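> Okay, here's what each chain looks like letter by letter:
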Amino acid sequence: MYSITRKDKKIKIKKTSENIKSSDMGSVPHAALPRDFDSKLSMLHNYIKYSSDIVVRTFSMHITREIKAAVIFMQGITDIRHLNENILKPLIHDCRNHDELESFENIIEFVENKLLLVGSVKRQKFLDKVVQDIFDGLTVIFIDGVSEVLIADIKGGDKRSLNEPLLNRTICGPREGFIENLSTNISLIRRKLKDPNLVVEKFVLGKRSRSEVAVLYIKDIALPEIVEKIINKINNISIDGLLSPGYINQFIEDNPFSLFPLYREIERADIAVAELLEGRIVILQDQSPLAIVYPVLFIELMQAAEDYYTKPMHGSLMRVFRYVAFFLATSLPALYISLVSFRHELIPYELIVPIAKIRSNVPFPAAVEVLILEVIIQIIFEAGIRLPSPLGQTIGVVAGIILGQAIISASLASPAVIVIIAIATISTFAMPDFCISMTARILRFIFIAAASVFGMFGFSMAWMFVIVHLANQNSMGVAYFSPYAPLKFVDMKDSLTRSSIFSFVKRPKSIPVRDDTRQSAGSKNDKGQQEINCCQEKNSKAKNIRNGRNKKDEQ
Amino acid sequence: MQTGKSKDNSTDIKNGIRFQITARQYLFILIGSATGSGILSLPRMVNKEIGHDGWISVFLGGIVPVVSLLLIAAMFGRFPGMDFFEIAEKVFGKLIGKIFLIIYTVYIIFVVAASLRIFVEITGIYILPRTPIQAVIISFLALIIYSIKNGSRLVGRFNELAFYVLPAILLLMLASLTTADFTNIMPIGEAGILKILQGMMISAYSYASTEQALVYAPMVKNTKKVLGYGIIAMAIVAFMYTYVTVICTLVFGENAIQTIIWPPILLYKIVTIPVLERLDIFFVILWITVAVRPSINYLFVAAYSASRIIKIKKHEHFAFICVLVAVLIFLLDIIPRNVEQFFALADILGYGYYVAGIIFPLMFIIASLFIRNRRSENG
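Read top to bottom, the protein sequences are chains A and B. Taken in order, the first sequence gives residues 0 to 554; the numbers are from numbering that gives the first Met the number 0. Taken in order, the second sequence gives residues 0 to 378; the numbers are from numbering that gives the first Met the number 0.
There's no promise every hint is true.
[Unchecked claim] The calculated lysine-lysine pairs, modelled on DSS-like cross-linking and capped at a C-alpha distance of 27 Å, are:
{"no.": "1", "chain 1": "A", "residue 1": "LYS505", "chain 2": "B", "residue 2": "LYS224"}
{"no.": "2", "chain 1": "A", "residue 1": "LYS487", "chain 2": "B", "residue 2": "LYS224"}
{"no.": "3", "chain 1": "B", "residue 1": "LYS13", "chain 2": "A", "residue 2": "LYS487"}
{"no.": "4", "chain 1": "A", "residue 1": "LYS48", "chain 2": "A", "residue 2": "LYS67"}
{"no.": "5", "chain 1": "B", "residue 1": "LYS224", "chain 2": "A", "residue 2": "LYS492"}
{"no.": "6", "chain 1": "A", "residue 1": "LYS505", "chain 2": "B", "residue 2": "LYS220"}
Honestly, the hints are just simulated from the structure, not real lab data. Just so it is clear, the structure is predicted and the values come from calculations on it, not from any experiment.
Modelling step: build the complete structure from the supplied sequences, incorporating the hints.
Now the structure itself:
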């Protein structure tokens with residue numbers, strides 16, 4: 000198991016950022032704890048007295064003599080039942096019958112080895128570390144007469160149950176989504192991927208928030224250069240609080256000023272496993288159900304997990320229409336403007352007459368008309384997210400039906416524009432990735448602007464800018480628009496359309512990996528055998544049917 | 000690319016990661032540079048000179064760029080690991096070498112100016128009749144600067160992407176075959192071998208793009224593939240040219256075609272597809288993506304050689320040179336009064352292609368022979 004435990008990593012990180020830490024924790028001196036119980040407590044008391052949710056439970060242990068001891072923990076984060084059953088009960092009650100104290104070096108070793116029924120326990124000598132551990136939610140055990148203290152990890156408390164996530168919804172696929180608990184999220188991935196090569200590296204980021212961040216990758220697939228790059232970038236982050244992986248993204252993204260997301264936000268473990276198997280790196284953060292994936296390709300933002308879970312043809316069909324939807328979402332209003340106000344002759348004759356007739360009532364040029372509706376739609380969308388769900392539907396009805404009707408009868412816009420904007424808006428939400436739908440919304444405005452100034456020419460120039468921009472982007476140094484540019488013919492089988500899983504013998508070439516073999520050669524071989532058997536069966540069945548028919552005919 | 004800026008050579012303009020292309024991108028760059036606005040006037044030109052057998056000349060014209068590619072490959076073969084700029088200075092010394100490089104750069108700048116102006120003229124006539132030409136040129140130059148300032152890697156990628164438009168447009172041409180008359184190209188070979196060979200030299204101008212190989216070929220990572228992919232590129236271009244010329248001749252006939260400035264665009268006027276009225280405008284809109292490529296590729300070559308001549312090393316400064324060259328080209332483009340002067344310029348530049356694409360590498364090879372002889376005598 001390559002898993003690097005929390006303890007080791009933490010120490011490592013602390014070493015690298017020792018300078019920052021000691022200056023920040025200026026209020027807590029890096030002092031060794033005294034042996035005496037009361038002076039220990041009073042030393043600590045200064046730093047926890049303002050936090051009334053920290054509980055100090057003092058008691059005395061009776062092992063050959065009375066020893067004063069205390070348990071310090073934070074309410075709400077510590078699992079109280081665990082604490083009572085496995086720490087307090089053995090310390091107060093069970094220790095009475097023991098008389099083997101002499102065989103141990105000191106009392107703390109005895110407690111650690113014989114009494115505590117806790118999985119992960121460590122020792123700590125210094126005051127600042129102890130204070131830090133208390134605020135990290137660990138349980139600290141003070142014992143009289145020893146300068147060391149014991150620190151037990153019995154974190155618990157409330158967490159959300161596993162639900163179907165809001166992002167990456169699917170019809171045929173697992174329903175479980177990540178929750179706001181790091182260890183649960185990692186366990187969800189471990190359950191689906193039992194590979195001992197799966198590495199979980201943990202970091203603590205944020206000087207004040209001290210958020211745990213885990214970087215996951217498969218050791219013998221992911222390219223070490225990319226892993227190193229990400230870890231270096233993460234280590235360089237120095238910020239007071241980290242509330243969402245979105246913060247990390249903004250620090251480590253290759254081009255923060257790109258319109259396109261150069262990462263992928265996912266909320267489901269099965270997608271995370273699929274990404275890991277392709278040699279990518281998944282970053283999880285405690286207290287957030289989002290996982291981010293690096294490096295990512297543009298084509299992935301057009302993929303949904305169920306593309307791979309259904310038949311290739313079905314998945315391909317959905318995928319092609321997602322590309323169509325992306326085009327409609329970004330370009331349809333701009334195309335309408337450039338056709339109606341610049342290039343009437345491109346519109347079929349039968350269509351231009353009704354459009355012109357309706358438009359004669361509208362006092363605005365096409366661009367203004369489109370902009371009015373576009374602004375309204377964007378506001379409705381925003382309102383729909385913020386309102387509680389029952390009200391959200393009402394807004395949808397009011398906006399969609401009443402407002403639409405009113406706009407037409409007030410001749411603020413023609414029905415054609417309402418149709419155009421409605422199609423573009425619906426297409427925006429056909430994107431499987433939330434970030435790319437935001438990109439589509441911004442691009443739509445850019446295209447509208449280009450089309451209203453330069454018409455068709457501006458529209459195609461704007462698209463070319465977007466394509467050049469896409470071709471220029473990198474995600475952790477990996478070409479973002481691959482396999483289209485740079486062209487990778489091998490990867491084309493899983494781009495606009497998808498071929499069968501058995502044809503993915505190698506991992507995608509677009510993402511550099513250490514080991515690119517995905518299937519052993521034999522996995523396709525038994526297919527032929529089955530076919531022969533099927534044929535024989537079919538033949539015999541066909542014969543029977545034929546015979547039956549003949550008999551019927553005879554009758 | 001934020002990390003390790005000082006450590007590695009990723010921002011160098013020689014051998015930097017942004018200035019490397021794959022062999023396949025090299026192929027697409029050569030195709031993209033050849034299939035610009037030239038393809039639109041080619042059927043008229045060859046029909047004027049040779050008659051209905053023009054397409055044979057067009058096909059045979061493909062030999063000239065192959066010869067050029069072979070010479071360039073031979074030249075680079077003599078100096079492994081060096082690029083054009085280093086070879087020039089090594090063979091002819093610093094001063095004379097630099098003069099050759101400046102001639103080359105100026106030639107390329109004029110090619111960009113001419114091709115951009117002719118291309119803008121076409122878009123002006125078909126899509127933007129009332130927009131001032133300066134505005135169109137500026138918007139194109141903005142796009143070009145954006146695509147070249149990040150190095151040849153991006154130029155290669157853009158060429159790869161834009162390639163797909165070309166087969167689509169060419170396939171649409173087949174629709175016009177309903178009005179084709181096959182007697183228009185019969186009898187084949189009537190013009191005679193001599194005339195066809197004469198026409199070959201004229202049509203070879205349209206293949207002008209291999210002189211870029213002087214700059215692009217050393218950037219290819221896999222040097223073994225360079226020559227092969229270059230020849231494949233020229234074969235594809237030759238096929239496309241022949242295809243367009245044959246279809247235009249079939250549809251219009253050798254007499255009518257001489258009066259049409261851009262016969263391939265007119266082909267789309269003949270075709271009517273139910274929903275897409277005015278297919279020719281649709282064609283020009285798609286054509287923008289295809290025809291902007293020669294300008295991008297050539298302008299990159301111009302900016303790159305200019306920055307190599309004045310010994311610029313870092314990528315950040317290269318972007319600045321791109322803008323400077325673009326401004327120069329803008330000025331060159333707005334000075335002449337009409338497009339006729341540009342057609343005249345394009346004819347002269349046709350000879351420039353022979354100089355840059357064939358005489359230059361030949362001269363370098365011969366000169367390098369002397370150097371080696373001299374050295375062996377000395378040693």
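> Where does the structure disagree with the numbered hints, that is, which hint numbers, in rising order?
Result: no hint breaks.
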